Amino acid sequence: RKEVEQDPGPFNVPEGATVAFNCTYSNSASQSFFWYRQDCRKEPKLLMSVYSSGNEDGRFTAQLNRASQYISLLIRDSKLSDSATYLCVVNKGGGATNKLIFGTGTLLAVQP
Amino acid sequence: NAGVTQTPKFQVLKTGQSMTLQCAQDMNHNSMYWYRQDPGMGLRLIYYSASEGTTDKGEVPNGYNVSRLNKREFSLRLESAAPSQTSVYFCASSRTSGGDYEQYFGPGTRLTVT
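As given, the protein sequences belong to chains A and B, one line each in that order. Each step along the first sequence adds one to the number in the numbering used here, with nothing skipped, and position 109 is 109. Each step along the second sequence adds one to the number in the numbering used here, with nothing skipped, and position 35 is 1035.
Bound-form chain A, shown alone (with noise of 0.2 Å):
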C-alpha cells in the first residue's frame, strides 16, 4: 500500500463548479499534513495546510480526518486558473526530521 494515495484524475469540470480531492495515508503517527499545487512543468507550490479543526482559505477548504486517516480539499467556484495539479503531502511521523511523503497528485482540468 502505498504512503499517500490519491486519485490521479483527471478530473474535468467547467468553470464555476465546485470539485473536492480525497487523500489516504497510512503512517497513524503522522502529524503534519499539506496540500501543494504544481502546475505543468513547475515546481509544487503550497497551497495550504490542514488543521485538525478544518481550515478554510477563500475558494479552498481543507480537512482531516485522524481516524479514517483521510485528507480532502474542496474547490468552490473552480477558475481556469485552478488547473494544475494538487498533491497530497502528509509529514512521515517520529524523529526531528521534516520528511514529507508525497501523493502522486491529482490532476484537475477546468473547462470553460
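Keep in mind that the hints were calculated from the coordinates and are not lab data. It should be emphasised that the depicted structure is a prediction, and the values quoted were computed from it without experimental measurement. Cβ coordinates follow ideal geometry from the N, Cα and C atoms, glycine included. There could be a bad hint or two in this list.
Pairs of lysine-lysine, BS3-like flavour, derived with a Cα cap of 30 Å [to be verified]:
1) A:99 <-> B:1057
2) A:2 <-> B:1057
3) A:2 <-> A:92
4) B:1014 <-> A:42
5) A:92 <-> B:1071
6) A:92 <-> A:45
7) B:1057 <-> A:45
8) B:1009 <-> A:99
9) A:42 <-> B:1009
10) B:1071 <-> A:99
11) A:92 <-> A:42
12) A:42 <-> B:1057
13) B:1071 <-> A:45
14) A:45 <-> B:1009
15) B:1071 <-> A:42
Anything over 10 Å on all C-beta distances counts as not near chain A; from chain B, calculated [as the list claims (entries may be wrong)]:
16) 1011
17) 1013
18) 1018
19) 1040
20) 1078
21) 1084
22) 1111
23) 1114
Residues of chain B clear of chain A, computed beta-carbon distances all greater than 10 Å [as the list claims (entries may be wrong)]:
24) 1020
25) 1024
26) 1028
Since the structure of chain A is provided, determine the placement of chain B on it from the hints.
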C-alpha cells in the same frame, strides 16, 4: 528575492558520465532537500540536510552523493549516470527540520541519461 535557485535547468548525459546539480537558497533556511519526480511516482526524497554540516539519506539515495557546502548551498552529484536516473530533480529548503514548516522548491532540473 530569488528563493531557491537550481542549475542547470536541462541536462543530457550519456551513461557513465558524472555531473553535479547545484542548489542555493537565500531565505536563511536551515534545512535543504533533494527530490526526484517521475511519472506516476510522486516526489521521492533522495537526500536531505537538516542543518549545515549534516546530511542523511532519504528514500532513494543509491547512485547519488550530496554536499552541504554552506548554509546556502546543497549540491547533488551523480558519479556514474544511468538511464534510470532520467528524471526531474527538485531542490527544496525549509526554515528548520520541524514537521510544520513549508518547503520551498526550486524550478527543477530536467535530466535525461541516454
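Against the structure, the hints:
1. With a CA separation close to 11 Å, the supplied pair residue 99 of chain A and residue 1057 of chain B stays within the 30 Å bound.
2. Pair hint residue 2 of chain A plus residue 1057 of chain B holds up; C-alpha atoms about 20 Å apart against a cutoff of 30 Å.
3. A C-alpha spacing of about 12 Å is found between residue 2 of chain A and residue 92 of chain A, which places the hinted pair at or below 30 Å, so the restraint holds.
4. At most 30 Å may separate the alpha-carbon atoms for a hinted pair to count; residue 1014 of chain B and residue 42 of chain A meet this at roughly 25 Å.
5. For the given pair, residue 92 of chain A sits about 24 Å from residue 1071 of chain B by alpha-carbon distance, which is consistent with the 30 Å threshold.
6. Our distance criterion of 30 Å between C-alpha atoms is met by residue 92 of chain A and residue 45 of chain A, whose separation comes to about 19 Å.
7. Note on residue 1057 of chain B and residue 45 of chain A: the hinted pairing holds, with a Cα-Cα distance of about 23 Å set against a maximum of 30 Å.
8. Of the supplied pair hints, the one linking residue 1009 of chain B and residue 99 of chain A holds, its CA atoms being roughly 25 Å apart against a limit of 30 Å.
9. Under the criterion of a C-alpha separation no larger than 30 Å, the hint pairing residue 42 of chain A with residue 1009 of chain B is consistent with the structure, at around 11 Å.
10. Among the hinted pairs, residue 1071 of chain B with residue 99 of chain A is consistent with the structure: their alpha-carbon atoms are about 19 Å apart, no more than 30 Å.
11. With a C-alpha separation of about 24 Å, the suggested pair residue 92 of chain A and residue 42 of chain A falls inside the 30 Å cut-off, and the hint holds.
12. Between residue 42 of chain A and residue 1057 of chain B, the direct Cα distance comes to roughly 25 Å. Compliance with the 30 Å bound is thereby established for this hinted pair.
13. For the suggested pair residue 1071 of chain B and residue 45 of chain A, the alpha carbons sit about 22 Å apart, so the restraint of at most 30 Å is met.
14. Under the criterion of a C-alpha separation no larger than 30 Å, the hint pairing residue 45 of chain A with residue 1009 of chain B is consistent with the structure, at around 18 Å.
15. Between the alpha carbons of residue 1071 of chain B and residue 42 of chain A the distance comes to roughly 25 Å, so the proposed pair stays at or under 30 Å and holds.
16. Taking the minimum C-beta to C-beta distance to chain A, about 16 Å, the non-interface status of residue 1011 of chain B holds against the 10 Å cut.
17. A cut-off of 10 Å between C-beta atoms confirms that residue 1013 of chain B is not in contact with chain A; the least separation is 20 Å.
18. Under the 10 Å C-beta cut-off, the non-interface status given to residue 1018 of chain B relative to chain A holds; the minimum distance is some 25 Å.
19. A Cβ of chain A approaches the Cβ of residue 1040 of chain B within 10 Å, the least distance being about 6 Å, so the stated non-interface status is violated.
20. For residue 1078 of chain B, the non-interface assignment is confirmed: its Cβ lies about 20 Å from the closest Cβ of chain A, beyond the 10 Å cut-off.
21. Distance to chain A confirms residue 1084 of chain B as a non-interface residue, since its nearest Cβ pair spans about 18 Å, more than 10 Å.
22. Residue 1111 of chain B, annotated as away from the interface, keeps every beta carbon of chain A farther than 10 Å; the closest lies near 14 Å.
23. For residue 1114 of chain B, the requirement that its beta carbon stay farther than 10 Å from each beta carbon of chain A is met, with the minimum near 21 Å.
24. With a cut of 10 Å on Cβ distances, residue 1020 of chain B stays outside the contact zone with chain A, its closest approach being about 20 Å.
25. Here residue 1024 of chain B stays apart from chain A, with its beta-carbon at least about 15 Å from theirs, past the 10 Å limit.
26. No Cβ of chain A comes within 10 Å of the Cβ of residue 1028 of chain B; the nearest lies about 16 Å off, and the non-interface call holds.
Of the numbered hints listed earlier, the single one contradicted by the structure is hint 19.
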